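*Asks:* Let the hints inform the model, and build the full structure from the sequences given.
For the protein sequence lines, the chains are A and B, in the order given.
Here the numbering used here is used: the first residue of the first sequence is 1, the next is one more, and so on.
Here the numbering used here is used: the first residue of the second sequence is 117, the next is one more, and so on.
In short, the hints are calculated from the structure, not lab data.
Some clues are possibly wrong.
[Unchecked claim] Here are the simulated DMTMM-like pairs of lysine to aspartate or glutamate, each with C-alpha atoms no more than 20 Å apart in a straight line:
no., chain 1, residue 1, chain 2, residue 2
1, B, Lys-158, A, Glu-57
2, B, Lys-194, B, Asp-133
3, B, Lys-220, A, Glu-41
4, B, Lys-185, B, Glu-155
5, B, Lys-220, A, Asp-109
6, B, Lys-158, A, Asp-109
7, B, Lys-175, B, Glu-155
8, B, Lys-158, A, Glu-40
9, A, Lys-71, A, Glu-57
10, B, Lys-175, B, Glu-186
11, B, Lys-185, B, Asp-171
12, B, Lys-174, B, Glu-161
13, B, Lys-175, B, Asp-133
14, A, Lys-27, B, Glu-161
15, B, Lys-158, B, Asp-133
16, B, Lys-158, B, Glu-199
17, B, Lys-158, B, Glu-186
18, B, Lys-220, A, Glu-63
19, A, Lys-44, B, Glu-155
20, A, Lys-44, B, Glu-199
21, A, Lys-44, B, Glu-186
[To be verified] Covered stretches of chain B, going by a simulated chain A footprint (3 or more residues, C-beta under 8 Å):
no., region
22, 144–157
23, 160–171
24, 212–221
It should be emphasised that the depicted structure is a prediction, and the values quoted were computed from it without experimental measurement.
Heads up, the beta-carbon is just placed ideally off N, CA and C, and yes, glycines get one too.
Listed below are the residues making up each chain.
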Amino acid sequence: NAGVMQNPRHLVRRRGQEARLRCSPMKGHSHVYWYRQLPEEGLKFMVYLQKENIIDESGMPKERFSAEFPKEGPSILRIQQVVRGDSAAYFCASSPPPTGGNQPQHFGDGTRLSIL
Amino acid sequence: ILNVEQSPQSLHVQEGDSTNFTCSFPSSNFYALHWYRWETAKSPEALFVMTLNGDEKKKGRISATLNTKEGYSYLYIKGSQPEDSATYLCAALGGSNYKLTFGKGTLLTVNP
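*Replies:* Encoded structure:
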């Protein structure tokens, strides 16, 4: 399967623990986007990364959330000291360089994060 | 901040009916309009990307139009089938060529 791979599909954490969500982009894609879907809400942009660079993190909460896309390996969305309000579905998407905005983004199946 | 609105929120049709939904978005600083199809427990799947005013795209029984001057796009499904049941998302790019702002989607249920 050459699509966007996210793992785990489901993640349960207790309040105060750390959550790490992984995303491997489609083969040949070097641009990764993370979105969050809160209950009863639409997909909301969090962060846009290229290899080793954070291009736009304007949608990330200011504290506890971080993202990286290293030279080797998957992109990681890290949430420290999780709280109940972090419970959501987190989706990763990838694309070739988004020149002109005419490249569709290819989505993974998401990670459902539940905080106990 | 973009505001993308979709209507209706949900729709029930009978197999064979044709249907359409609306996506409205701010017409200023427009880059592109994306439509995605999202089946339950799967990932959103890209249907169309449209950039030019008057664009029309078609894939099988599904087609879409774009009016950038008035800020709306229509998605049409001709002869709906049960397998068309899904949430249809539109997303606008405005002010940047990468930051998609999604609507909340239209949930389509096609009854056999």
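*Asks:* Run the distance test for Lys-44(A) versus Glu-186(B): straight-line Cα separation, threshold 20 Å.
*Replies:* violated (24 Å)
*Asks:* Taking 20 Å as the top limit, are the C-alpha atoms of Lys-44(A) and Glu-155(B) close enough?
*Replies:* holds (18 Å)
*Asks:* Does Asp-133(B) sit within 20 Å of Lys-194(B), going by the straight-line distance between their CA atoms?
*Replies:* The hint holds at about 7 Å.
*Asks:* Need the status of pair Lys-158(B), Glu-186(B): alpha-carbon distance at most 20 Å?
*Replies:* violated (33 Å)
*Asks:* Within a Cα-Cα threshold of 20 Å, do Lys-158(B) and Glu-57(A) meet the stated pairing?
*Replies:* Status violated; Cα separation ~26 Å.
*Asks:* Do the alpha carbons of Lys-44(A) and Glu-199(B) lie within 20 Å of each other, as the hint requires?
*Replies:* violated (27 Å)
*Asks:* Is the Cα-Cα distance between Lys-220(B) and Asp-109(A) 20 Å or less?
*Replies:* holds (18 Å)
*Asks:* Does the alpha-carbon distance linking Lys-71(A) and Glu-57(A) stay inside the 20 Å limit?
*Replies:* holds (18 Å)
*Asks:* Residue count check for the region 144–157 of chain B against chain A: does it reach three with CB-CB under 8 Å?
*Replies:* Coverage by chain A holds here, the residue count being 5 at a Cβ distance below 8 Å.
*Asks:* Between Lys-27(A) and Glu-161(B), is the straight-line Cα distance small enough, at 20 Å or below?
*Replies:* Distance ~17 Å between Lys-27(A) and Glu-161(B) Cα, so the pair holds.
*Asks:* Holds or violated: the region 160–171 of chain B covered by chain A, criterion of 3 or more residues with Cβ-Cβ distance under 8 Å?
*Replies:* It holds, with 5 qualifying residues against the three required.
*Asks:* Does the structure keep Lys-185(B) and Glu-155(B) at a Cα separation of 20 Å or less?
*Replies:* Roughly 31 Å between the alpha carbons, so the hint for Lys-185(B) and Glu-155(B) is violated.
The earlier numbered hints that this structure contradicts are 1, 4, 10, 15, 17, 18, 20, 21.
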